[in-house]
Amino acid sequence: MSGDLDILKETPSIRLKSAKGTAHLWFMNNDGSERGVVWSPENNESLGEIHIRAKNTKGESSGDFIVRHDGRVEARNLKITYKISAATAEFANTSTSSDNTTVSIKGSQHTPLVLTSNNTIKNLSIGFKVDDVDQKYLGIAGDGDLYFGSYSDHTKNSKVITQAKLDSGVTVGGKTTFSDFATFNAGMAGSIEPETIDNKTIDLNDLIIANTVAGSVKYYQCKTVAGGAYITNKPDGVSGNFLLRVESTRKTTGSDYAIMQTLIGSDTKRIYVRFVVNGNWTEWSQVVVSGWNQDVTVRSLTSTTPSKLGGGRVDVLGSTSDYSSMNCAVRGVDSTGTNSAWSVGTSESTGKMLFLKNHRSSAQVLLNGDDGAVQLLSGTVNGATAQALTINKDEVNSTADLVIRKQTGTGNRFALLNSGNSELPVSIRVWGSSTRQNVFEVGTSAAYLFYAQKTTDGQNL
Numbered sequence: 001m002s003g004d005l006d007i008l009k010e011t012p013s014i015r016l017k018s019a020k021g022t023a024h025l026w027f028m029n030n031d032g033s034e035r036g037v038v039w040s041p042e043n044n045e046s047l048g049e050i051h052i053r054a055k056n057t058k059g060e061s062s063g064d065f066i067v068r069h070d071g072r073v074e075a076r077n078l079k080i081t082y083k084i085s086a087a088t089a090e091f092a093n094t095s096t097s098s099d100n101t102t103v104s105i106k107g108s109q110h111t112p113l114v115l116t117s118n119n120t121i122k123n124l125s126i127g128f129k130v131d132d133v134d135q136k137y138l139g140i141a142g143d144g145d146l147y148f149g150s151y152s153d154h155t156k157n158s159k160v161i162t163q164a165k166l167d168s169g170v171t172v173g174g175k176t177t178f179s180d181f182a183t184f185n186a187g188m189a190g191s192i193e194p195e196t197i198d199n200k201t202i203d204l205n206d207l208i209i210a211n212t213v214a215g216s217v218k219y220y221q222c223k224t225v226a227g228g229a230y231i232t233n234k235p236d237g238v239s240g241n242f243l244l245r246v247e248s249t250r251k252t253t254g255s256d257y258a259i260m261q262t263l264i265g266s267d268t269k270r271i272y273v274r275f276v277v278n279g280n281w282t283e284w285s286q287v288v289v290s291g292w293n294q295d296v297t298v299r300s301l302t303s304t305t306p307s308k309l310g311g312g313r314v315d316v317l318g319s320t321s322d323y324s325s326m327n328c329a330v331r332g333v334d335s336t337g338t339n340s341a342w343s344v345g346t347s348e349s350t351g352k353m354l355f356l357k358n359h360r361s362s363a364q365v366l367l368n369g370d371d372g373a374v375q376l377l378s379g380t381v382n383g384a385t386a387q388a389l390t391i392n393k394d395e396v397n398s399t400a401d402l403v404i405r406k407q408t409g410t411g412n413r414f415a416l417l418n419s420g421n422s423e424l425p426v427s428i429r430v431w432g433s434s435t436r437q438n439v440f441e442v443g444t445s446a447a448y449l450f451y452a453q454k455t456t457d458g459q460n461l
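Residue numbers are given in full-length UniProt numbering: position 293 of the sequence shown equals residue 293, and the series is strictly consecutive.
Everything labelled a hint here was simulated from the structure, so no lab data went into it. Among the hints, a few may not be true.
Unchecked claim - Label-pair distances were calculated between CB atoms; the ranges are:
#: 1; residue 1: Q387; residue 2: L317; range: 46 to 56 Å
#: 2; residue 1: D322; residue 2: A214; range: 53 to 63 Å
#: 3; residue 1: V276; residue 2: K308; range: 30 to 40 Å
#: 4; residue 1: V276; residue 2: H359; range: 37 to 47 Å
#: 5; residue 1: K308; residue 2: K352; range: 24 to 34 Å
To be verified - Subject to a maximum C-alpha distance of 25 Å in a straight line, what follows is the list of computed DMTMM-like cross-link-like pairs (lysine to aspartate or glutamate):
#: 6; residue 1: K393; residue 2: D371
#: 7; residue 1: K55; residue 2: E42
#: 8; residue 1: K406; residue 2: E423
Every residue, glycine too, gets a C-beta built ideally from N, C-alpha and C.
Build the full structure now, drawing on both the sequences and the hints.
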């Protein structure tokens, strides 16, 4: 037949009856070469198929399109230009190349792939499965958050942290390590967990923050008394039970740095501080806190307002343990702290003398620690020679004349004068006996000069 086959019928059909074997419907070229064929292999109880094959002019064909009796369609490469509707899709890519793609979606659409749940369950996921590894699920739960984990119920999995989730606040239950700086613009809340150093062999001198280490503050903790047995360079009296804070104030290079260590001891109930600058450590010092009743040792202490000292006394430590050569004084100075106005104490220059001195005039009172004498020294204002009045166990000695004046009213003075040129010492003595009751005697060291007395019979001689 060389023309067209035109069948006109209300329900036309073409039947190819095959008694046995395959039934074909061929499409040929004029030269007898094949363009394509539709054929059906012999069917049986378990399988029935129709194949469609096409060839190019070189006679090449890379695969058949197969429709099976169970509704399954097979093709080596299937191109759908609009839409596929199906209950499930399964891809078995037999390629062993990790660079090959099993599913590729291309287009300009905003959301080329959408997974929609029909509300029968509250979880919607994409699964990931590798041999010998439990399947993992990425998806959403009924709350709309994105989850990832091994459970099909996403409420048991971990939430995927997005920027929006971070901005709204998250709770982290496990240990988190930051390999770079973390910035907290709104501050931090909660406790800081120090690094535990219990039962470790550690020199506190080694706990610094080097210039190669990020950050400026570190915390260490020894939680027991015995735990500090192998920790060296602690403050005196501290065994364990302490918190150590290390703060870097400068770390330019490995040899140019400055660090402060603060140690809080719960056994001693004290705070200790020390510094290291370029490898040179200071001694531990206690922080003075009001109400702790501490014994405090300082190099110098300045108060800008009046101070009160309790306990009933003030002890001033001398410069040495030798009383005769000890500087131990309390001074009154001007606001600059350099110019003395007065002083009370002992000095190396006065030996065992206790002095009360006015530095403006150099007038002073001396109490002798050897013989108990009391000495008054006048000042040296305008170049005057200092005069002394000394009281000892035997006498009162004055280097100046003794003058007695009336306090009020008029009258001449009464003076005991010593010109300093008499040959023998002169004395005035008052004495008495059973026969000579009262005797006023003036004499020298050799004999008396004159006397006045009152006798037992009442006569004045």
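Hint check:
1. The given range of 46 to 56 Å is broken by Q387 and L317, whose C-beta atoms sit roughly 34 Å from each other.
2. At roughly 56 Å, the beta-carbon separation of D322 and A214 lies within the given 53 to 63 Å, and the hint holds.
3. At roughly 37 Å, the beta carbons of V276 and K308 sit within the given window of 30 to 40 Å.
4. As the Cβ distance of V276 to H359 is approximately 43 Å, the hint placing it in 37 to 47 Å holds.
5. At roughly 31 Å, the beta-carbon separation of K308 and K352 lies within the given 24 to 34 Å, and the hint holds.
6. Annotation: proposed proximity of K393 to D371 holds, straight-line Cα distance about 8 Å (limit 25 Å).
7. Annotation: proposed proximity of K55 to E42 holds, straight-line Cα distance about 23 Å (limit 25 Å).
8. Between K406 and E423 the CA atoms are separated by roughly 32 Å; this puts the pair beyond 25 Å, and the hint is violated.
In this structure, the earlier hints numbered 1 and 8 are contradicted, and the remaining ones agree with it.
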